[in-house]
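**Student:** Now for the letters of each chain:
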Amino acid sequence: MREPRSPGPATARRVLVTGLDALTAHGRGAAVVQPHITAGRAAFSTVDRFAVQRHRVHRAALLPEAGTLLDELAGSVQRACGQAELDVRTAARDVLLLAVHSDEPTPQGPLSRALSARCGLPAVTRLYTTACVAGSTAVADAAALIASGRADRVVVAAGYLVEPIQYALFDAGRALARDGEVRPFSADRRGALLGDGVAAVVLEAAESAAARGVQALAVLAGWGRAGDAHHVVRPRPDGAGLARAIECALRRGGIGADQVGYVNANANGAVLGDSAEVEALRLVFGKGVGKVPVSSTKGVHGHALEGSALLELVVTVEALRSGRLPVQAGLRAPDPQCPLDLVRDLPRESAIRYALSLNSAFGGANTALLVGAA
Amino acid sequence: MNLVLARELGLSVLACAHWPDGPEDTVTPVPGFILSSFQPLVVEVAQRCLEQRAVADPAVRTGLLLASARGDTVTRAAVAAALAEGRPVAPLLFYQSNPNAVAGHIAARWGLDGPVVCTAPLGAGAEAVLADALGCAALLIEDGDADQVLVIAAEQAEQADQADQADQGDQGDQGDPDHAVALLVAPAAAHRRLVTRERRDQRS
Numbered sequence: 001m002r003e004p005r006s007p008g009p010a011t012a013r014r015v016l017v018t019g020l021d022a023l024t025a026h027g028r029g030a031a032v033v034q035p036h037i038t039a040g041r042a043a044f045s046t047v048d049r050f051a052v053q054r055h056r057v058h059r060a061a062l063l064p065e066a067g068t069l070l071d072e073l074a075g076s077v078q079r080a081c082g083q084a085e086l087d088v089r090t091a092a093r094d095v096l097l098l099a100v101h102s103d104e105p106t107p108q109g110p111l112s113r114a115l116s117a118r119c120g121l122p123a124v125t126r127l128y129t130t131a132c133v134a135g136s137t138a139v140a141d142a143a144a145l146i147a148s149g150r151a152d153r154v155v156v157a158a159g160y161l162v163e164p165i166q167y168a169l170f171d172a173g174r175a176l177a178r179d180g181e182v183r184p185f186s187a188d189r190r191g192a193l194l195g196d197g198v199a200a201v202v203l204e205a206a207e208s209a210a211a212r213g214v215q216a217l218a219v220l221a222g223w224g225r226a227g228d229a230h231h232v233v234r235p236r237p238d239g240a241g242l243a244r245a246i247e248c249a250l251r252r253g254g255i256g257a258d259q260v261g262y263v264n265a266n267a268n269g270a271v272l273g274d275s276a277e278v279e280a281l282r283l284v285f286g287k288g289v290g291k292v293p294v295s296s297t298k299g300v301h302g303h304a305l306e307g308s309a310l311l312e313l314v315v316t317v318e319a320l321r322s323g324r325l326p327v328q329a330g331l332r333a334p335d336p337q338c339p340l341d342l343v344r345d346l347p348r349e350s351a352i353r354y355a356l357s358l359n360s361a362f363g364g365a366n367t368a369l370l371v372g373a374a
Numbered sequence: 375m376n377l378v379l380a381r382e383l384g385l386s387v388l389a390c391a392h393w394p395d396g397p398e399d400t401v402t403p404v405p406g407f408i409l410s411s412f413q414p415l416v417v418e419v420a421q422r423c424l425e426q427r428a429v430a431d432p433a434v435r436t437g438l439l440l441a442s443a444r445g446d447t448v449t450r451a452a453v454a455a456a457l458a459e460g461r462p463v464a465p466l467l468f469y470q471s472n473p474n475a476v477a478g479h480i481a482a483r484w485g486l487d488g489p490v491v492c493t494a495p496l497g498a499g500a501e502a503v504l505a506d507a508l509g510c511a512a513l514l515i516e517d518g519d520a521d522q523v524l525v526i527a528a529e530q531a532e533q534a535d536q537a538d539q540a541d542q543g544d545q546g547d548q549g550d551p552d553h554a555v556a557l558l559v560a561p562a563a564a565h566r567r568l569v570t571r572e573r574r575d576q577r578s
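Protein sequence lines, in the order shown, are assigned to chains A and B. So the first sequence is numbered by our numbering: it starts at 1 and just counts up by one. So the second sequence is numbered by our numbering: it starts at 375 and just counts up by one.
Just chain B, with the same shape it has in the complex (with noise of 0.2 Å):
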């Protein structure tokens, strides 16, 4: 599915990896990032994903884009219940504040010198989370700013405390525990064609 759905919008995958890969599988915790499951998670399937791509070519700008339709809701709630109880905000949740922080982390980690943008896709499920993704990363490419990007799309679990927000719908999966999927997509050999509403070709 997420090989037709990077076809579609002119993407070669170029690597691909998911968690979890199995009904045992862990995560490696990140020093730096606390109680919360969602950076450890996006780092695990960063990394088995760009340990799949060949040799990295430091003439590519390789952008990365992080998806998720709930985001951290851990380290959310992990500060409103300090701040209920009147205790202190631990100070490395700074550092987990928005999801761009562990998107530096990778970067910095693989040497991503491209865009770092991160979305919080609207459709209901991961496949139109992961759909949104790609057709953002698509848009980076095409655009210009990017010649490949690492597409991250990962949910936490849901917590016991958001059944009420899930009831207003679209907010991923809900009762899935934590997942993810990244892809390192680049251009289709065969360049898409660029069609407006009217089908007309801009670059004809």
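Pulled out of the complex, with its shape left as it was, chain A reads as follows (with noise of 0.2 Å):
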């Protein structure tokens, strides 16, 4: 594995979590929907939202009468303001990113003009189109905004709310598991099922942050973005990508990988992505990979594409405010190849310091999110 460099500057600014919210299939907003993750409740069913008799899997997780997708992330963005006591007074100067498929013609214009319309809040600045990384690298741009002081305070959305182009084309590509449960890191494995997802985050600068007497939520340490250069969707099987990443994350936070309590994986139950996820594990934590918990709550609210990776920030800040770490559903069979120590039949109570969140993408693109205790 090539050595990564030091990332980022030497001054940058500290960057603070102090609002956030998720929406999924188990409902709306971040205290409704982590204890359901957190035990480990898978939330798939019959798809019934749209005719999906003609496809090979007929099951996802779907939010029952969910709103439309600007519904959903306005719903998001403005509980999350609310959190970091926001308001469209003092947010006039914010920047606002947006992870979305497209910019989607709605009622009141394309998503991204009407979603900054019906928040308050200033235009959204740049749109996210990486698939399942769209929102982590949302995220990691808002941290270099704000790191540099380009920016003192940055509201993250994103979202995905399942549709029938991408449910088509997932199952034309024989992408969701035909047994009708995610699996992640079980060896019998059979793939992704999609999810409804939609989760906002807001990034603040420390002295912002502090200015407004707002507690942090957590600290975002670290961020990392590394490409494969391997394959057109496969991942590189050695994990090299995804290491580098973490690589990147680990030493803008300044820590060892030993200092991590935590990783919310990436793995969504197929059976190549999971393997190159266990190496690049492997490559970071090396004799330490059977030490650090890990779980992939793909297996409880499905895959979110777009919004998948804000998602499981969210998630991942959670779990290390809570102290207490997902359980990884789905596990049915151990996976002789997998040396990870996955967070088995309960929740575990963990005091961590440090948690990373990790996705990675068609095309081989990879982000790692490091996560720290206010």
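Rather than coming from a laboratory, the hints here were simulated on the basis of the structure. Just so it is clear, CB atoms sit at the ideal spot from N, CA and C, and this is done for glycine as well. Please note that the accuracy of each hint is not assured.
[Unchecked claim] Distance windows between CB atoms, simulated: (1) A/ARG93 x B/GLU501: 42 to 52 Å; (2) B/ASP395 x A/GLY67: 41 to 51 Å; (3) A/GLY29 x B/ALA455: 33 to 43 Å; (4) A/GLU207 x B/ASP395: 42 to 52 Å; (5) B/GLU425 x A/GLU163: 38 to 48 Å; (6) A/PRO64 x B/VAL434: 42 to 52 Å; (7) B/GLU425 x A/ARG212: 50 to 60 Å; (8) B/ASP395 x A/GLU85: 25 to 35 Å; (9) A/ARG174 x B/ALA458: 18 to 28 Å.
[Said to hold, decoys possible] Covered stretches of chain B, going by a simulated chain A footprint (3 or more residues, C-beta under 8 Å): (10) 391 to 402; (11) 452 to 463; (12) 491 to 499.
[Stated by the list, open to error] From the structure, some residues in chain B lie toward chain A, with a derived Cβ separation under 8 Å: (13) LEU438; (14) GLY445; (15) LEU467; (16) ALA477; (17) GLY485; (18) ASP487; (19) GLY488; (20) ALA563.
Fit chain to chain and form the complex, with the hints in mind.
**Tutor:** Structure representation (structure tokens):
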């Protein structure tokens, strides 16, 4: 593995999380969904939102009576901003970054424009479409903007609600699990299932939060991005690309791998992807790879595509804050090639200081976000 | 104009290519990508740009930033049509369900192992799209995850059924044929200073 370099300017400012929110099939709001995710309560059911009879697989994790993507993104942003004690007057100079599949039309205009108008925030600055790492890519840019002094506060929103087009593409590509369950890291894993996922996070410079008297929920201690340079869609089998992203995040955070107390893994139940992630963790943690608790919460909420990375960052922050690490749902048969300390059976109590949220996507795009206790 | 934009962001342009490059220009099909002109267009302009670079240094981390206001509209329309008519969706279309896939093709072909980022810039017009893409690339380089970035801005010709959506505005160059530009950028020799809105130098 190529040695990563020291990232980021030495004078970088601390980046805090001061507000967050998540929506999954379990409900709206981080306080609502986190207990279900932590307990490993999978939310998959037969799709009734649109016709799936012609498809091979008929299951996904859907929020009953979900609104439009605009409605749900706006609700999530408003809840996150509420937690961060922001209002329109204080948000006038904030930056809003959005991670979605496209700037789709809505009755109120393009999604990006309608969202900022609905939330009373400035116009969306940039729209990320980097598939399953779109949200984490936006977070990394947000952190860079804050750390470098270009912005004091950035709101990042991301979302995907299961719809017919992507569902049909994933089904046609045989990426969905024929057995209707998501089994990350399990020897009998058969693939992914899609799920609703919307999230919003308020990132803020420590000076800005202190000046407003707002409590930090967590520190975004590090972030890293690297590519596989390997294949159109398949991950690099040796995990070197994801490992470089993790090393980058750890270096930014100024900590060693042995200080990481939990990894929220990307694993979505795909045979090749989960194995590549195991290899990446083996490269980073070395002989300690079996000592750090790991779980992929996609086994509970499904794969939310462009919404997934930000959703999983929220889950990771909440796990760190609560000291309760989410169960690895869907784990049925041990994989002899997987040496990880997966969180089995029950949530694990652990007073951790640092946690990683990992994501990988088509095109060999990898991201790692390092969260520290506030 | 591209050079001016890059220079303003503290970047130097190591190589540059456009498509079309003349009235009779063509695009080479790319095995594995079907129906849509988007992926071959992106590959073509990337190849023309990277062929101009000096010998690649394996120690240099090159990121890839693909910007497109509208993205691959043909693939989405093809899937929608298949669903509406009750036809099966071609399995190969899964591999072009998002812009990352063609970025991965280029990264693998040319050994670009820096970050892969795809954006849908919100400004109107090719210049605004490229400006946003270069700004994103400059941030990647300055933040330290990439030494160079291959920036590609690509738009397909507007489809007839997009006319209504185009009325919502800011969706790129409506009515233009397929077009793309690729720039390989690196930090300019004189490093740009980081200045906050309050004009405070963060590196002093």
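**Student:** For every hint, state whether the structure bears it out.
**Tutor:** Hint-by-hint comparison with the structure:
{"no.": "1", "hint": "A/ARG93 x B/GLU501: 42 to 52 Å", "result": "violated (25 Å)"}
{"no.": "2", "hint": "B/ASP395 x A/GLY67: 41 to 51 Å", "result": "holds (46 Å)"}
{"no.": "3", "hint": "A/GLY29 x B/ALA455: 33 to 43 Å", "result": "holds (38 Å)"}
{"no.": "4", "hint": "A/GLU207 x B/ASP395: 42 to 52 Å", "result": "holds (49 Å)"}
{"no.": "5", "hint": "B/GLU425 x A/GLU163: 38 to 48 Å", "result": "holds (39 Å)"}
{"no.": "6", "hint": "A/PRO64 x B/VAL434: 42 to 52 Å", "result": "holds (50 Å)"}
{"no.": "7", "hint": "B/GLU425 x A/ARG212: 50 to 60 Å", "result": "holds (52 Å)"}
{"no.": "8", "hint": "B/ASP395 x A/GLU85: 25 to 35 Å", "result": "violated (54 Å)"}
{"no.": "9", "hint": "A/ARG174 x B/ALA458: 18 to 28 Å", "result": "holds (22 Å)"}
{"no.": "10", "hint": "391 to 402", "result": "violated (count 0)"}
{"no.": "11", "hint": "452 to 463", "result": "holds (count 7)"}
{"no.": "12", "hint": "491 to 499", "result": "holds (count 6)"}
{"no.": "13", "hint": "LEU438", "result": "holds (7 Å)"}
{"no.": "14", "hint": "GLY445", "result": "holds (6 Å)"}
{"no.": "15", "hint": "LEU467", "result": "holds (6 Å)"}
{"no.": "16", "hint": "ALA477", "result": "holds (4 Å)"}
{"no.": "17", "hint": "GLY485", "result": "holds (5 Å)"}
{"no.": "18", "hint": "ASP487", "result": "holds (4 Å)"}
{"no.": "19", "hint": "GLY488", "result": "holds (6 Å)"}
{"no.": "20", "hint": "ALA563", "result": "violated (18 Å)"}
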